[in-house]
Amino acid sequence: IAGITQAPTSQILAAGRRMTLRCTQDMRHNAMYWYRQDLGLGLRLIHYSNTAGTTGKGEVPDGYSVSRANTDDFPLTLASAVPSQTSVYFCASSDGQTDTQYFGPGTRLTVL
Amino acid sequence: RKEVEQDPGPFNVPEGATVAFNCTYSNSASQSFFWYRQDCRKEPKLLMSVYSSGNEDGRFTAQLNRASQYISLLIRDSKLSDSATYLCVVNLASGGSYIPTFGRGTSLIVHP
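Protein chains in written order, with the numbering used here: chain A, 3 to 114; chain B, 16 to 127.
Derived from the structure by calculation, the hints contain no laboratory data.
Where hints are given, some of them may not hold.
Each computed DSS-like pair below joins lysine-lysine, with the alpha-carbon atoms no more than 27 Å apart [to be verified]: (1) A:K59 x B:K94; (2) B:K57 x A:K59; (3) A:K59 x B:K60; (4) B:K17 x B:K57; (5) B:K94 x B:K57.
Bound conformation, chain B alone:
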């Protein structure tokens, strides 16, 4: 079982829809949580950090649930340009360090 799990999708939604992704992690001692966006054959780019109190950036909302060990990403009013793969990253505690660990990514396709 991978330490950071995501539903690979694809999530196929119409423009304007609201879509949510979850990402679960195995180590309760984890710190620092992120969502990255990756376009086809390109490098991942930071979408947003995830804070304990939850945070919002325009149409995007990220939340952290430490008790249930998951983070979520909500996208409102989906645009065609939101089509991409969304990667969650958790810094997992390991031997005195925190090691960034990626989920396998969730594919989003927004259609007209």
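Pulled out of the complex, with its shape left as it was, chain A reads as follows:
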């Protein structure tokens, strides 16, 4: 692995289903983030984690949960998907030195 990866690349999901988006980084960054990007609204922060074992709510956390059991992984779970969660989801990580964020390639999620 080089950098930050996300899976799946894209997914079509029925409303009401549970879904976990995966994010893994190999840069040993302490901080990780989940964003959603919608047309005209830019990137909005869903949840973040400043270090393993801690998480925090961003601007649009409702309907989403995260966990940070270790440094490398930061999964995002939709417990019961709704059509308004149709979006492109980006995971990012940053080091504590420069605060520069590095993004994964994104997951395109469609909820029908």
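Use these hints to put chain B onto chain A, whose structure you have.
Leaving out everything else, chain B in the frame of chain A:
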């Protein structure tokens, strides 16, 4: 009102032109400022950090004005390949942490 504001554009300029974008932020206790570039359906990538004294990287110049709470990006001698969306990011103070907050992005189209 969004905490980080950008003019969405699009800015439509000919090759060789100079173009400038501004980004305003609401929280004077903010730290760490960045410009990212995003190509269509791709992940954002760091263009440059913004330092208090201003900084330059080739044709790109970034400046920070803390008194007026804005950052700027100047692109000289525009190339066709500069066509993209430019996102400003401000780490806003929030409850003892600094939370990265994106503007909605400014679209640049450079034409022949």
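Tested hints:
no.	hint	in the structure
1	A:K59 x B:K94	violated, 39 Å
2	B:K57 x A:K59	holds, 25 Å
3	A:K59 x B:K60	holds, 23 Å
4	B:K17 x B:K57	holds, 24 Å
5	B:K94 x B:K57	holds, 20 Å
When each numbered hint is compared with the structure, a violation occurs for hint 1 only.
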